[in-house]
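Participant: Take these sequences, add in the hints, and give me the full structure.
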Amino acid sequence: ARHGRSTDGRRCPVKKYKFAFGSVQRVQRIAEEQAAVSLAEAQRAADAASAQLQARLADIGAARPAPGPRSTTEFHAQREHLDRHRVAVTAARAAEINALELLGSARADWVDAARKVRALDRLDERKRAEWTLETTHAAQLVTDEIATIRYKTEQDRT
488 ARHGRSTDGR RCPVKKYKFA FGSVQRVQRI AEEQAAVSLA EAQRAADAAS
538 AQLQARLADI GAARPAPGPR STTEFHAQRE HLDRHRVAVT AARAAEINAL
588 ELLGSARADW VDAARKVRAL DRLDERKRAE WTLETTHAAQ LVTDEIATIR
638 YKTEQDRT
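With the working numbering, the residue at position 155 of the sequence shown is 642, and numbering never jumps.
Worth double-checking, as some hints may not be accurate.
Stated by the list, open to error - Each computed EDC-like pair below joins lysine to aspartate or glutamate, with the alpha-carbon atoms no more than 20 Å apart:
(1) K503 / D611
(2) K503 / D599
(3) K502 / E621
(4) K505 / D611
(5) K505 / D631
(6) K503 / E612
(7) K503 / D596
(8) K502 / D599
Treat the hints as calculated values from the structure; they're not laboratory data.
Facilitator: In C-alpha cells, the structure reads:
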C-alpha cells in the first residue's frame, strides 16, 4: 500500500484521493460556464431581435394610409413610407434569423461542453468508488494482519 502523511506528521496507510483528470475537469467546467454565458447572451439577442421584428410589423400596420382620395404626391409619399417600413421589416426578419442561428450554435456549444463535464464527472465518480474500495480493502488487510499478530502473540504467551 502507498504511504502518505497525515496533517500531524504520522504515516497514513493510503494516499488521499486525487482525480487524475482534475485539472481537465476544472478547465471543462470553466468552458461550460462560458458556453452558458454565451447561450444566455444569444438568447437575449434573439429575444431582442424578435421584439424588434414585432415592433416593425406593428409600425407597418399603423403606417397604412387612410382610405380616400389623395393627390399623386401624397400617394407617392405614402408609398415611399410603406416601402421604408417594408425594408425595415425585411431587415428585422434577417436579424431575427441570424440571432436564432447564433442561438442554435450557442446551445449546441453549451450542450457539447456540458456533455464533456458530465463524462468527466462520471469518470471521477467511478475512480473515486474504485479508490474507496481499494482503501477499504487495504484497511481490512491491515486490520486482519493486526488481529493475526495479536492472536499469535497471545498463543505464544500460553
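Participant: Against this structure, judge whether each hint is valid.
Facilitator: Right, here's what the structure says about each hint:
no.	hint	in the structure
1	K503 / D611	holds (14 Å)
2	K503 / D599	violated (31 Å)
3	K502 / E621	holds (11 Å)
4	K505 / D611	holds (9 Å)
5	K505 / D631	violated (27 Å)
6	K503 / E612	holds (15 Å)
7	K503 / D596	violated (35 Å)
8	K502 / D599	violated (34 Å)
When the structure is compared with the earlier hints, violations turn up for hints 2, 5, 7 and 8 and for no others.
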